[in-house]
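According to our numbering, the stretch in the sequence shown is residues 434 to 820, in order.
No lab work stands behind these hints: they were computed from the structure. Some hints here could point you the wrong way.
Capping the alpha-carbon separation at 25 Å, the derived lysine to any residue pairs in SDA-like fashion look like this [as the list claims (entries may be wrong)]:
| id | residue 1 | residue 2 |
| --- | --- | --- |
| 1 | 590 | 705 |
| 2 | 787 | 717 |
| 3 | 561 | 582 |
| 4 | 481 | 797 |
| 5 | 781 | 794 |
| 6 | 472 | 746 |
| 7 | 590 | 606 |
| 8 | 703 | 734 |
| 9 | 787 | 738 |
| 10 | 610 | 656 |
| 11 | 763 | 779 |
| 12 | 763 | 790 |
| 13 | 746 | 526 |
| 14 | 741 | 808 |
| 15 | 787 | 774 |
| 16 | 703 | 669 |
| 17 | 610 | 556 |
| 18 | 755 | 778 |
| 19 | 818 | 805 |
| 20 | 481 | 816 |
| 21 | 793 | 766 |
| 22 | 781 | 530 |
| 23 | 561 | 491 |
| 24 | 763 | 703 |
| 25 | 755 | 811 |
| 26 | 472 | 518 |
| 27 | 540 | 561 |
| 28 | 763 | 809 |
| 29 | 620 | 570 |
| 30 | 610 | 623 |
| 31 | 797 | 783 |
| 32 | 540 | 801 |
| 33 | 746 | 783 |
| 34 | 781 | 758 |
| 35 | 703 | 739 |
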Amino acid sequence: MLTRFRTLLDVRPRWRCGLVCLVLFHPVSVFAAEPLAGKPFEAALDQKIGRSWTGQDGHILRNVLRQLADSQRVSIVLDRRIDPTQSIELTLPPTPLRDMVSTLARKVDCGTSIVGNVIYVGPTDSAKKLRTLVELRNADRTRLTGRNRPAALTQPKTFVWQELDRPRDMLQQVADKFQIEIDGLDKLPHDLWAATSLPQVTATEALSLLLVQFGSTFEFVPNRAAVRIVPIPERVFVERSHRVLANSPVSHDAARQRFSEVDFEQAEGKLIVRGTVEQQAEIATWLRTGNQKTTKPTDKPLRDRHFKTLQQKNVALGEIIKTFIVYGIKIEYDPEQFANGGISLDQKIDIDEKDIYAEKLFRKIFEPRGIEVTIEGETVRLTPKSK
434 MLTRFRTLLD VRPRWRCGLV CLVLFHPVSV FAAEPLAGKP FEAALDQKIG
484 RSWTGQDGHI LRNVLRQLAD SQRVSIVLDR RIDPTQSIEL TLPPTPLRDM
534 VSTLARKVDC GTSIVGNVIY VGPTDSAKKL RTLVELRNAD RTRLTGRNRP
584 AALTQPKTFV WQELDRPRDM LQQVADKFQI EIDGLDKLPH DLWAATSLPQ
634 VTATEALSLL LVQFGSTFEF VPNRAAVRIV PIPERVFVER SHRVLANSPV
684 SHDAARQRFS EVDFEQAEGK LIVRGTVEQQ AEIATWLRTG NQKTTKPTDK
734 PLRDRHFKTL QQKNVALGEI IKTFIVYGIK IEYDPEQFAN GGISLDQKID
784 IDEKDIYAEK LFRKIFEPRG IEVTIEGETV RLTPKSK
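Start from the sequences and build out the full structure, keeping to the hints where you can.
Have a look at this one:
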């Protein structure tokens, strides 16, 4: 006990070096409600809540996320590499929980990812890759055979760890419950983590949520029930085929213009796409609504341009803005201003307009959401309405 106490004194002040992981859900006990999983968890993500943080009275990132986790009964994981003491000054109107956490993350230059029944907040690059890493490892698992594929791998389990548990021990518990071995545990740096609960996670989800905080993932070891810790590749993607309305260079070019970070290949009426899980979902929605069609250039002033039909369903506000940009409309806005004004670019909206002029369309989309629209020449400027 004395040795452990001395280690704590040496380690805890050094979070900036990545030695303390702050995973924010309190351990489940008879005094704490069990975190939600499955459909109740999905419902909680869509539940609208309003919050205001002044940057004072303990309004730091760690406390803000912990309070949200406790009040909404969800598990929120803050990556060990993120400074948990950053001050939070932000006011948000009733906003879906998933959008609220995403806005908080952007406030501290982070990203988010929903993995199973857990909300992950961490470095943007890691957040972008995490769900794709889980999907890739799941695909690897399906190719295992015989004794290399324990039945327990696909059975969700809940993990509860206490204050100052070591990540090596946590990973070992995951290995024991899923009946596998982990090669390379001894190479992980020493660390002490806060109390952690991961509700109803699979083996790939649990391992990925823990290892991503070391910039690592895993691979299955041939000929035995084991995984090996490996670095996360610089490029992480899955390949899928998407049907398009017509096999034409126009569709291909529009897709490449809209999704510049994604690799496309066109063949036989399909787009073969190599991107993250989130990018694949965006592309599927974009294609489904017919947005792959491009419009011909027009000489009419922007105010006088006419839209015959515009239909979008359950699409993020930020994606609507990007779609207009692809159509050649110059839109200027400041995401940080939006966040400070309590406007989430992740909020989902529906659009069903016919025979409408551009100016009226922009106002119908943005003004009800607290956004001022100003059209100057060929530029649309979007700013939060003054309160």
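Numbers of unmet hints, in rising order: 1, 3, 8, 15, 17, 23, 24, 26 and 35
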